[in-house]
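Student: The lines below spell out each chain.
There are 2 protein chains.
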Amino acid sequence: MIKYLNLKLNKMKAFISMFLGLIIGCGVFAQQSLWGGQQIVSPEVNDGQSVTFRFHAPDADTVMITGDFLPTEKLNTQWGEFDVPGKALMTKDEKGTWTFSSEALESNLYSYSFIVDGLYTTDPNNVYKIRDVASVFDIFIVGGGMGDLYTVQDVPHGTVSRRWYDSPGNEMQRRITIYTPPGYEHSKMKYPVLYLLHGMGGDEEAWIALGRTSQILDNLIAQGKARPMIVVMPNGNVAQQAAPGESPKGLYKPTMQLPNTMDGKFEETFIDVIGFIESNYRVEAKKEYRAIAGLSMGGFHSLHISRYYPNTFGYIGLFSAAILPNQNVKSKVYDNIDETLMTQRENGYNLYWIGMGKSDFLYQSGVEYRAKLDSLNFDYTYIETEGGHTWSNWRVYLTQFVQMLFR
Amino acid sequence: MIKYLNLKLNKMKAFISMFLGLIIGCGVFAQQSLWGGQQIVSPEVNDGQSVTFRFHAPDADTVMITGDFLPTEKLNTQWGEFDVPGKALMTKDEKGTWTFSSEALESNLYSYSFIVDGLYTTDPNNVYKIRDVASVFDIFIVGGGMGDLYTVQDVPHGTVSRRWYDSPGNEMQRRITIYTPPGYEHSKMKYPVLYLLHGMGGDEEAWIALGRTSQILDNLIAQGKARPMIVVMPNGNVAQQAAPGESPKGLYKPTMQLPNTMDGKFEETFIDVIGFIESNYRVEAKKEYRAIAGLSMGGFHSLHISRYYPNTFGYIGLFSAAILPNQNVKSKVYDNIDETLMTQRENGYNLYWIGMGKSDFLYQSGVEYRAKLDSLNFDYTYIETEGGHTWSNWRVYLTQFVQMLFR
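First to last, the protein sequences are chains E and X.
Take the first sequence: its position 109, counted from the start at 1, is 276 in the working numbering, and no numbers get skipped.
Take the second sequence: its position 370, counted from the start at 1, is 537 in the working numbering, and no numbers get skipped.
So here's chain E without its partners, still in its complex pose (with noise of 0.2 Å):
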C-alpha cells in the first residue's frame, strides 16, 4: 500500500487524500498496517493445500494456533472424555513475525484462533469470521473438494432474504433467513421447501453462516445435483425473537441455554412457519415437496414435528441428532412416541435419513433411536461418518441430504 501511495503521489493527490483519509477513518487496524506493521496475509492458503498462518507479534513469548485443521487432543473432564481442537506453536522470524504451515489439507472449511501468550485471540489480518453461539472463530477454505461447495463459485446465485413472520403460537413476531434460488423471482412456478433448523445455541444465521447453505444450494443446483428448492431456516428457540443483536433485547452476549428449549412449544407452533411460507412464497404445499431437517437439537425438533404432524413431510433428516425428550418434560408433542411413528409409517414418507458421527457423543442415543426404529419396521437411510459433533459433517449432510429431496 505504502509502495502504491509513493508511486502515484504527484498525479492524483486528490484520490490518496481521500485514500488516506478513510484508511484513518477506519481506525486502529488499518493505521497499524500503515504506519505500525508490514502487510500481512495470513491465512494464505499455498499450492499443495497447505495452508500458512502469520501473525506479527514482536514482544510475544509464545504464539500457538488451535483449530479445527490440526489432530484433536482429549480433554478429561468430570463429564467425560471430549475431543477439542489440537494446538501447534509457531515459529517467530527476525522480524517479529510468528508463522505456521499445516500439512496439506483436505478440502474443508476450517476455523482457528491464535493463542498469545496464553490469551485466545483472533486474526487481525483475516475478516472472515463466523460467530458461533458466543465465541467468533476465523475461518478459511481449502479448495479442490468439499471447499469447493463451500465456495461462491461462478454460477447463478439465489436470494437470501431475513424476514420477520408473526407466530401467534409464540405471540410474537420473529426472524426467518429464507433461501430462494437462482429465477425464482423470474418464473411462475411452484417450488419444493426444505425447513432446515439449526442446534442448541444457535438461531436463524447458524445454517447460512456456519452451514453455508445459500453456497452449497447454488453450486449443486447449478451441477444439476440438487432440485431448485427454497430453504427455509426458523430459529428455533421459542424464548427469543431472533438472533443475538437482531431482536429489541439489543446487544447482549449471547447464551448456550435459553429457557423453553426443547419443551414442545417449538414443534407445537411450527405451523406458524409452514403457514407464513405457505402464503408468502410460490411453494409446492403438499407432503412430497416438504422436507425438514436439522442438527443436533433441530435433528430432534425434526424428528419430532414431522411426527406430530403425520402427514406433512415426505422427506425427514437428522443430522447428529438429539433423538428422545427429557422425560420430565411434559408437552403433548411428546405423547405416544411409538404410535405417532407408527402413523407417520403407515402414512408414508420418501425418504427418513439419519447421518451421525463415529465419535459423536450422541452416537449411542443414535444406536437406541434405530433400535426402535427397526422395532417397528420404520424404513430409513443410516449414514455413519468420521468424527463428531461438527460442522464439518453438518456440512456434508446437508450436501448429502439436499440432492435426494424431491426426487
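Be careful, since some hints might not be right.
In the SDA-like style, the derived pairs of lysine to any residue whose C-alpha atoms are separated by at most 20 Å in a straight line are [stated by the list, open to error]:
#1 K357(X) with K296(E)
#2 K355(X) with N447(E)
#3 K416(X) with I297(E)
#4 K392(X) with Y358(X)
#5 K296(E) with V322(E)
#6 K420(X) with Q206(E)
#7 K355(E) with S559(X)
#8 K416(X) with K355(E)
#9 K420(X) with K420(E)
#10 K420(E) with K357(X)
#11 K420(E) with V212(X)
#12 K420(X) with E211(E)
#13 K420(E) with A376(X)
#14 K420(E) with S559(X)
#15 K420(X) with Q216(E)
#16 K355(E) with Q245(X)
#17 K355(X) with E352(E)
#18 K296(E) with T266(X)
#19 K355(E) with D430(X)
#20 K416(E) with E270(X)
#21 K241(X) with S559(X)
#22 K355(E) with H353(X)
Ranges of calculated distance between the beta carbons of each label pair, as one might list FRET restraints [stated by the list, open to error]:
#23 E455(E) with G442(X): 34 to 42 Å
#24 D505(X) with A389(E): 33 to 41 Å
#25 N478(E) with T422(X): 49 to 57 Å
Quick caveat, the hints were computed from the structure, so don't treat them as lab data.
We put the beta carbon where it would ideally sit given N, CA and C, even for glycine.
Given the coordinates of chain E, assemble chain X onto it according to the supplied hints.
Tutor: Chain X alone, transformed into the frame defined by chain E:
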C-alpha cells in the same frame, strides 16, 4: 453456567451431555470460559451511560483500550495531520482482569479494540463485530438518544435481501443489498426508492452493517418520521462482483484501493441498477419518487449520477462527499459538469442536500463545490456537523436525509 450444570446434573443428564458437547463443539473460546477462565461481560453499558470494558489477561503487562468514544489524538504524517481515536490504560485487578470504565457517553454506536502489550486485539467477550474494509472492530450501542435509532426496537421490521442482478454494462452478475419496508410483501402499493451508495473500500454490505440502515428505516417509519421506502445498496466498485468473500474470488484480504474506481464506469452503468429495481419491485418509477445519496466516494457517485441522468432523481444527498473527478480521468460522465448541473437545475428537483463535518479532510472540496453551485444559482441545503469523515456522521446524515424524502 457451571452452577447451572451442577444444580441440574442428576435430573437432566441427557440435556447436559448435549449442552456440554455443544459447548465443546464450539471450540476454544467456549472451553476457555468453561474451564480456564471466568464469565466476563464486556462491554457493559451502565446506568448513567458510562460503559465498562473487561479483558482477562493475567500475564499481560499493559492493556489499553482504543475507540471512537475516547478523545481523539492528533497523528502527524507526511500527508498532514489527522484525528485518530484516542487510547486509555485499563486497570488490572487481583484476578488478572483488566477493566476500564468510560465517562457517561452520548447515545450512539461506538467501536473499539484492545491493545494488549502493544498488539491490537478484538474483545473475546463481545460477539458484535463489524468489518470496515480489512479491519474488524467490536461495537456497542449506548441508548437513550440517537443510539435508539440504531437498535432493533419492538416495531414492524422490513426485509433485507441479498440478491444478484445482471449488469450488462459491466458484463457481470453483481450482488446487491435491498431493504423493503414493513408491509411491502402484503401491499399492492408502489414504493419510492432510495439508492444508497458506500464509500471507497466499502461494498454492498457497508450501509447495512456500519450504517445500520435497516434499523434506522424501521424505527423512523414506525415513528411516522420517514415514509415507507425501498433502500437499494449496490456495490459501487465496478471491478468487483460482490463484497469480499461473496464472489468467486474467494476469501481474500480486502483492500481499500481497487482498479476502475471513480473512473465514470459505475455512474455510466448505474442504469443497470435502476433497471433491475424497477423491473423487479413495485416502485413508483418517477423522478419525484427516486432519491440517490452516498457517503464520500458514494457522494461523488451520487453527484455525478444525478447529473449524468439529469431528469431521473428528485432527491440527491451528498454525505462528506468527494466532489469533483480527478482531471486525469477521462470519461464522458465527467464532461461538461457545469452545463449538466445547469440542465439539472432547469429540470428541477425536490432536494439537493449536502452534509459535511467541520473537521472532514474533504471540507475544503466541499467549500469549493458549494461556491460552484452558488455561481450557478443551484439551490441546495447544507448541514455542517462536528466531527469528520466518520460513520457516526453518516448515520446521522442518513437519519436526517430520509426524513425529508418523498414528502
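Student: None of the hints should be skipped; say for each whether it holds.
Tutor: Hints, one by one, checked against the model:
| no. | hint | verdict |
| --- | --- | --- |
| 1 | K357(X) with K296(E) | violated (38 Å) |
| 2 | K355(X) with N447(E) | holds (14 Å) |
| 3 | K416(X) with I297(E) | holds (19 Å) |
| 4 | K392(X) with Y358(X) | holds (16 Å) |
| 5 | K296(E) with V322(E) | violated (24 Å) |
| 6 | K420(X) with Q206(E) | holds (11 Å) |
| 7 | K355(E) with S559(X) | violated (44 Å) |
| 8 | K416(X) with K355(E) | violated (32 Å) |
| 9 | K420(X) with K420(E) | violated (28 Å) |
| 10 | K420(E) with K357(X) | violated (40 Å) |
| 11 | K420(E) with V212(X) | holds (12 Å) |
| 12 | K420(X) with E211(E) | holds (10 Å) |
| 13 | K420(E) with A376(X) | holds (19 Å) |
| 14 | K420(E) with S559(X) | violated (24 Å) |
| 15 | K420(X) with Q216(E) | holds (18 Å) |
| 16 | K355(E) with Q245(X) | violated (60 Å) |
| 17 | K355(X) with E352(E) | holds (17 Å) |
| 18 | K296(E) with T266(X) | violated (26 Å) |
| 19 | K355(E) with D430(X) | violated (40 Å) |
| 20 | K416(E) with E270(X) | violated (24 Å) |
| 21 | K241(X) with S559(X) | holds (19 Å) |
| 22 | K355(E) with H353(X) | holds (18 Å) |
| 23 | E455(E) with G442(X): 34 to 42 Å | holds (38 Å) |
| 24 | D505(X) with A389(E): 33 to 41 Å | violated (49 Å) |
| 25 | N478(E) with T422(X): 49 to 57 Å | holds (55 Å) |
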